[in-house]
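Peer 1: Sequence:
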Amino acid sequence: MPELPEVEVVRRGLDRWVTGRIIADVEVLHARAVRRHEGSLKDDLIGQQIACVSRRGKYLWMPLSGTGVALVAHLGMSGQLLMQPSSTPDETHLRARFTFTDRGPELRFVDQRTFGGLMVTPLVADGAGGQLPEIISHIARDPLDPAFDEEAFETRLHARDTEIKRALLDQSLVSGIGNIYADESLWRAGLHGRCRTGLLDGSRVQDLLSHVRAVMIEALAQGGTSFDSLYVNVNGESGYFDRSLDAYGQEGEPCSRCGTLIERERFMNRSSTFCPRCQLNS
DNA sequence: CATAGATCCTGTATGC
DNA sequence: TGCATACAGGATCTAT
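Numbering (this note's numbering), first residue to last: 1 to 282.
Treat the hints with care, as some may be off.
What the hints assert, rightly or not - Now the in silico label distances, taken between C-beta atoms and shown as ranges:
| # | residue 1 | residue 2 | range |
| --- | --- | --- | --- |
| 1 | G198 | K42 | 46 to 54 angstroms |
| 2 | T67 | R257 | 46 to 54 angstroms |
| 3 | P254 | R12 | 32 to 40 angstroms |
| 4 | R32 | E237 | 50 to 58 angstroms |
| 5 | A147 | R264 | 32 to 40 angstroms |
| 6 | R16 | P122 | 44 to 52 angstroms |
Rather than coming from a laboratory, the hints here were simulated on the basis of the structure.
Ideal Cβ placement from N, Cα and C applies to all residues, glycine included.
Please put together the full structure from these sequences, using the hints given.
Peer 2: Quick look at the structure:
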């Protein structure tokens with residue numbers, strides 16, 4: 001369940017370890033690891049230099065110097081990008097391996113549930129002087145992006161007739177939010193996820209966005225949220241924001257604000273946890 | 001067209 | 001003990 005804070009932790013680690021390095025070889029060990037990609041990932045990457053590591057929402061990409069294309073990665077639910085010495089034994093769910101001409105640590109894509117994927121895609125203008133991969137141009141900016149347009153978000157939110165949690169999870173409206181940070185932000189804002197978007201005025205939307213940002217910044221400072229060994233940084237280490245959660249995974253525990261027991265319901269084929277007393281439906 | 005729901009996947013946990 | 005079922009959920013596809 002890597003969401004924005006977890007993906008940003010991975011981005012920072014990757015930026016430090018792979019920027020400037022030249023890819024020597026690529027080994028794809030599972031067909032599902034490469035998505036929406038024409039031709040051979042290997043042919044597109046060998047000999048290319050990684051210019052930097054960028055992120056929008058939950059997507060990572062590495063522009064290849066002087067080519068106008070980028071290696072894009074999405075971790076899905078259980079994807080990991082790990083830096084490992086070549087002497088380290090292959091992980092059980094190793095899906096792809098990238099080695100470099102300097103013979104330093106290799107980059108490994110490990111993914112138990114195979115919801116994640118890699119691809120090479122052209123870069124296009126992002127409308128603000130930067131670039132982003134073509135295949136994710138439908139993904140909205142995330143709330144920590146300085147160019148995130150709060151007014152445009154509010155307008156689009158009001159144009160929707162749906163529940164606020166569904167809107168928060170829609171990456172084309174605002175990116176980077178998944179089930180954990182949706183539940184946490186809604187708890188902090190005192191809003192029930194089933195509240196209709198049309199009932200939220202501008203100040204409620206601003207308040208909700210401020211909680212989204214705050215919870216993500218706090219999580220980032222703690223290395224992200226890890227419930228099991230599936231989310232780790234590039235060095236295989238877990239974050240510890242799970243100790244700070246107020247709603248997600250807290251079913252049956254007293255609400256830390258009012259003491260009412262936290263409840264869980266099914267929503268969009270996943271769980272929503274919320275305080276039935278202090279999270280309002282309007 | 002817009003929104004709601006189903007689907008993919010596999011390891012772990014729980015129940016009978 | 002062992003088998004069956006529930007659960008985790010991001011993105012995309014299909015149905016209404």
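Peer 1: Hint by hint, note whether the structure agrees.
Peer 2: Hints, one by one, checked against the model:
1. G198 - K42: 46 to 54 angstroms: 49 angstroms, holds
2. T67 - R257: 46 to 54 angstroms: For T67 and R257 the Cβ distance comes to about 51 angstroms; the hint holds.
3. P254 - R12: 32 to 40 angstroms: The hinted range 32 to 40 angstroms holds for P254 and R12, with Cβ atoms some 35 angstroms apart.
4. R32 - E237: 50 to 58 angstroms: Taking Cβ atoms as reference, R32 and E237 lie about 26 angstroms apart, which means the hint is violated.
5. A147 - R264: 32 to 40 angstroms: 36 angstroms, holds
6. R16 - P122: 44 to 52 angstroms: For P122 against R16, whose Cβ atoms are near 26 angstroms apart, the range 44 to 52 angstroms is violated.
The structure fails hints 4, 6 (numbered hints given earlier, in ascending order).
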